[in-house]
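Listed below, chain by chain, are the residues.
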Amino acid sequence: MELFGIAINVLDSTIRLSVPLLLASLAGLYSERAGVFDIGLEGKMLAGAFAGAAAGAVTGSAWAGMATAVLISVGFALVHGFASITHRGNQIVSGVAINFIAAGSTIILGQAWFQQGGRTPSLGEAARFGAITLPGADLLRGVPLLGPVYSELVSGHSLLVYIAFLAVPFTWWVLFRTRFGLRLRAVGENPAAVDTAGISVAWLRYRAVICTGVLAGLAGTYLSMAQNAGFVKDMTAGKGFIALAALIFAKWKPVPAMFACLLFGFLDALSIRLQGTPLPLIGRVPVQLMQALPYILTVILLAGFIGKAIPPRAGGVPYVKER
Amino acid sequence: MSNPYARLPGWADYGLIPLVNLLVAFMVAGLVVLLVGENPLRAAVILVDGAFGSGPGIAYTLYYATNFIFTGLAVAVAFHAGLFNIGGEGQAYIGGLGVGIVCLAFDHVLPWYLTFPGAIAAAAGAGALWALIPAYLQARRGSHIVITTIMFNFIAASAMVYLLVDVLKPPGSMAPQTRQFAEGAQLPKLTWMLEAFGLSLRSAPLNMAFVLALVLAAAVWVLIWRTRLGYEIRTFGFSPKAARYAGISETRITVVTMMISGALAGMMALNPVMGDQHNVSLDFVSGAGFVGIAVALMGRSHPAGIVPAAILFGVLYQGGAELAFEMPAISRDMIVIIQGLVILFAGALENMFRPAVQALLAGAGPRAAAVVAAKGGDA
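Residue numbers (my numbering), protein chains in the order written: chain A, 1280 to 1602; chain B, 3 to 381.
Hints were generated in silico from the structure; no laboratory data involved. For clarity, every value in this text was computed on a predicted model and none was experimentally measured. C-beta: ideal position from N, C-alpha, C; glycine also. All the given hints hold, so there is nothing to weed out.
Here are the simulated DMTMM-like pairs of lysine to aspartate or glutamate, each with C-alpha atoms no more than 20 angstroms apart in a straight line: (1) Lys-1512/A / Asp-285/B; (2) Lys-1600/A / Asp-1474/A; (3) Lys-171/B / Asp-285/B; (4) Lys-1512/A / Asp-335/B; (5) Lys-1532/A / Glu-1468/A; (6) Lys-1600/A / Glu-1468/A.
Chain A side only, calculated, beta carbon under 7 angstroms to chain B, not exhaustive: (7) Ala-1362; (8) Phe-1379; (9) Ile-1380; (10) Ile-1387; (11) Gly-1517.
Quick list of the computed label-pair ranges, beta carbon to beta carbon: (12) Ala-221/B / Arg-1458/A: 53 to 59 angstroms; (13) Ala-306/B / Arg-1592/A: 36 to 42 angstroms; (14) Asp-285/B / Arg-1458/A: 46 to 52 angstroms; (15) Tyr-1598/A / Pro-330/B: 44 to 50 angstroms; (16) Leu-201/B / Ile-1575/A: 47 to 53 angstroms; (17) Gly-144/B / Val-1289/A: 28 to 34 angstroms; (18) Arg-1458/A / Ser-283/B: 55 to 61 angstroms; (19) Leu-1432/A / Met-176/B: 41 to 47 angstroms; (20) Leu-134/B / Val-1289/A: 32 to 38 angstroms; (21) Leu-1461/A / Ser-251/B: 39 to 45 angstroms; (22) Gly-144/B / Thr-1475/A: 26 to 32 angstroms; (23) Tyr-1598/A / Leu-201/B: 49 to 55 angstroms; (24) Val-1289/A / Thr-229/B: 53 to 59 angstroms; (25) Val-169/B / Asn-1288/A: 31 to 37 angstroms.
Take the sequences, apply the hints, and build the full model.
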């Protein structure tokens, strides 16, 4: 029974840790499916996390924080769109630029506005997205097996967790069951065909990039307003890149992306759980190795030992109408 | 890939447009200074004065510029092959490990001029090896080099923390760094260079690594534009299809180019480790690997552009330190924003002002264009 408790515990933190990855991964999905590579997920998340925590701290309202985070993240997404859609710039370079601008400005503005070494003030209960207890969770707690699973694992997360997991079927529906989704996928595979059909390539890609901004902003909100109670500098710590790796690993599909993010979350949860405890056969593992594990696994997964990932055909290529 | 933009005269392409892009980047950075509640013009004056106002100021500027020449060249070489090496930070960090091992082994035995070549080889070798795996994975397994090199930065950081805390730290010491190197692993300072201009160096750490950086800048020019390998690298970068058709091995070029790039980034470690601190400490690279991206883009991947671009960032770094004293709200992290803006405007948005410049030149006519050319030539 104790083992069961540990398992529930690890799975619970798996969910918590995979949510920012999932939101960021779905964010990247819209953009990349439309043919705009986005290495700047990290920056948008970071900027969103800062904006959300800053607005939350000033207004005392979680919703105001979330709105600000989304707004700022969409702003950054539009800059990326402006560079890579309107001016046909290099999308990787633009994304890298956004990461640096976000990293630098969150520290500078955070220090200038709050004077806490780049942190934002700690958020109170009202300014955070707290745990939601689903109906019947307390009632079922006593039931063996099912009880703990429902009350600990399914219930008791913040609103953003449920949004993230609902965004998976929603994204699938948008991409594969709506006209907008069909066109969005088409513009990532063959923009010339979309253009010939009389649909604006640029406007479609801009809309995709805005969807990316919204979701990346939510990912940032989750980091600073649900998982933590405030912004800490560089708090994304490469999650944007890991989300991107998960997306590639999932071959740019929403449901596999969810499983890829859960896998990364699980490994992360496991490494936190195992820190300091000696492993059988191997003995004590240095903390640093455990910390580097998600990055090492990203490299291994990306090396494509699980089948080759084929990106959207027009990905990374700016569309030039007249040839 | 067809270029949607018409050709411009060389001076406009390589002089005017980068200059306009840079100006816009700095104007936006000025807006951030305004947002923080300070006067951007006063900030600029303090910045320039801090960088050029005194002998030590100039020496510090050139010391920082040395780091950025190394990392800028590293990014540029990879750019020529169409590869984006964001891993300069990690490669330089691991390069420091190579330098440290050679220095710790020989500093009591050999004079500096014998330790130095060994340290150069070790730094280059360590950096190159750290770039080898991402290069191989890109060439053979098709994993995206940008993401793998970023992951390798994180892995390098963890590995170095482990090594410095658990392995290289002398017993009894608290600070996570190696012991201080003896005389035999300390690079001489370039006192004579500044004294030739009647300036004093004082405690500023400008050292032999600066000379090495300039030599490497020349060597990179020779490599890219005067050797067979350089030709292959550029061909591959320009059109991988054409390169394949010409019998150039994709794997070989990717791996060799990335190893050269990693070696250049690794050698950056010589400057702070042997030239200034005389030990290997945590986080001694402090972002120089990333600055290299902005430097390479600004210098248009040409050594003649990279050296001035590196000096400009040296100014920002040294002047920025002075600025932080005068305006506490503006810390050195400001440089990260400027770096991002330079990458955005000189890299991703490099063509934004092209149509305007074109229209301007076309409207101005040949005589007026010649006058502008004469002015632009000085800049």
